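Enquirer: Residue strings, one per chain:
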Amino acid sequence: MQDRPDARELLATLGDYLEGELLPALEGPLNYRTRVALNLCRILERETRLGSSYLLRERERLCRLLGLGLEDLLPGSLHDQVEDLNQQLVNELAVEMLPAGFEASAWDTLMATTRDKLAIVRPGYDSYEAREEAP
Amino acid sequence: MSAANPQPETGEARRARVADGLARFLGSQWNTDVRIEGMVETSAGARRGNVLFDAVTADGRRQPLCVTYLPTLNIELMNILTEAELIGVAERAGVPVPHVHFASEDPSWVGGPFFITDRVEGETVPRRVLRQVAADGTGKAIVLALGQAFAALHQVPLEQAPAALAESGEANPAEAALARLAEQMDMLLQPAPVFSLGMRWLSRELPPPPPRLTIVHDDIRNGNIIVDHNGLAAVLDWEVAKLGDPMEDLAWPCLRCWRFGEDGKEVGGFAGREGLIRGYREGGGQFDAQRFHWWKVLGTMRWGLGLAGQARGHLDGTFSNIVMAASGRRVAEQEYDLLCLLRPRGR
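Order-wise, the sequence lines are chains A and B.
Each residue of the first sequence is one higher than the one before, starting from 16 at the first, in the numbering used here.
Each residue of the second sequence is one higher than the one before, starting from 1294 at the first, in the numbering used here.
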């Protein structure tokens, strides 16, 4: 086991350094790219904290949608299992005739997962729901 | 032996070279000595150069101008003479554009093809545009003016379109765009069912050919327009124009990615779509809400796949840098926008 600071603490430290010390000293394109780096640090910090529980939720939702149990999954890492389930859903969505209601259920599943992804990569982005824009 | 890898030109050397070329060119056109003063590069390092400058003639007259030029001959999206001709067509139709004075393909002046226009004063950088619009209260006026500009452009009889443009028409632009999008799906780096759902919807809802093909600018949005204190001053960047479905043109500036945080204002962060539709109809255009929506879905997909393509380019080394890498983690924004557009009834 590694000594502390742990990964999350180090990412927070790295982010604070970029934001507090490096950025104020930079201008132009270097400032912009360092802002991007800072944003990636914050993303990784949130991913370290939330990533595995969100991945578990994604697996659970996909299993429910596809009618699969845990025993149906490939042996392998959680990441590989979720990737495989997503591939199965991609294949399913390419089938011409789908059971009634499947697309709407798939939408529910994908919306929930996309909100989870955004909680890591862009918190708050899903507060706007574009309800007036749908036909 | 000539150097295989010449040093890249410094910014100063580039400005001096362009100033010299402009002075020689305008001098030959006006048959007098011309000095170039007050040069400001507005898109340094981009694929095309845009430089604001004053041309001062021997008698002391000063003319504020702008040159758009390509650094070399071989990266044109549209022939520069075609683009200059098209801007003239748009101007005569009533679209606000900078008046074109000269266009040339001769590389001996500034190194590549170029055209010279009036300089239209105002703001183009999207977030600054939105701050100015908020201060001036011009959002609704801009959206109305955009509707009118689209209508004017889409009314142009096709026989007035530049000949080179007339060849770009596809029988059903939506079908052709969908086929290109299907190819772009290869950009994805992992199974992405949100995009599959989008493709499924787009294929099912594919609109028939539009009542008629029109000239479409294809990239009118916050970022490609000049805004002054009165509102819309000019539409820029005509190099991706083509013949197409007019609703594609209206849908593009309405994507969330062009609102720069002003999410509730559908048209470029300026205001809602009502003014766009009103201006378009008043100008003689026919607004088709279903078709408009279809093109918004397609545009959102295309933007998302473009971001995925940047991440792919980073990972395979085609153009590795941190901004391209970060693009991969922005795909989820487009997935979310796409799902919002595809929201089933009752959800």
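No lab work stands behind these hints: they were computed from the structure.
Note that this is a predicted model, so its numbers are computed, not measured.
Where hints are given, some of them may not hold.
The calculated EDC-like cross-link candidates involving lysine to aspartate or glutamate, where the alpha carbons are at most 20 Å apart (straight line), are [unchecked claim]:
1. B:1558 <-> A:42
2. B:1433 <-> A:147
3. B:1433 <-> B:1567
4. B:1558 <-> B:1429
5. B:1558 <-> A:86
6. B:1433 <-> B:1369
7. B:1535 <-> B:1429
8. B:1558 <-> A:144
9. B:1433 <-> B:1575
10. B:1433 <-> A:86
11. B:1535 <-> B:1512
12. B:1558 <-> B:1468
13. B:1558 <-> A:62
Footprint (simulated), chain A over chain B, 3 or more residues, beta carbon under 8 Å [unchecked claim]:
14. 1312-1324
15. 1426-1432
16. 1521-1535
17. 1576-1586
18. 1624-1636
Every residue gets a Cβ at the ideal spot worked out from N, C-alpha and C, and that includes glycine.
Enquirer: Each of the hints needs a verdict: does it hold here or not?
Expert: The hints, checked one at a time:
1. B:1558 <-> A:42: Cα-Cα ~31 Å, so violated.
2. B:1433 <-> A:147: holds, 17 Å
3. B:1433 <-> B:1567: Status holds; Cα separation ~9 Å.
4. B:1558 <-> B:1429: Holds. Residue 1558 of chain B to residue 1429 of chain B sits at ~16 Å (cutoff 20 Å).
5. B:1558 <-> A:86: violated, 48 Å
6. B:1433 <-> B:1369: violated, 35 Å
7. B:1535 <-> B:1429: Not satisfied, since the Cα-Cα distance of roughly 34 Å exceeds 20 Å.
8. B:1558 <-> A:144: Holds - the C-alpha atoms of residue 144 of chain A and residue 1558 of chain B are around 12 Å apart, at most 20 Å.
9. B:1433 <-> B:1575: At roughly 15 Å apart (the allowed maximum being 20 Å), residue 1575 of chain B and residue 1433 of chain B satisfy the hint.
10. B:1433 <-> A:86: Answer violated: residue 1433 of chain B to residue 86 of chain A is near 57 Å, above 20 Å.
11. B:1535 <-> B:1512: holds, 11 Å
12. B:1558 <-> B:1468: violated, 29 Å
13. B:1558 <-> A:62: Violated. Residue 1558 of chain B to residue 62 of chain A sits at ~31 Å, over the 20 Å cutoff.
14. 1312-1324: n = 0 at 8 Å, threshold three: violated.
15. 1426-1432: violated (count 0)
16. 1521-1535: violated (count 0)
17. 1576-1586: holds (count 3)
18. 1624-1636: This one holds; 10 residues, not fewer than the three required, reach chain A with a Cβ under 8 Å.
The structure fails hints 1, 5, 6, 7, 10, 12, 13, 14, 15 and 16 (numbered hints given earlier, in ascending order).
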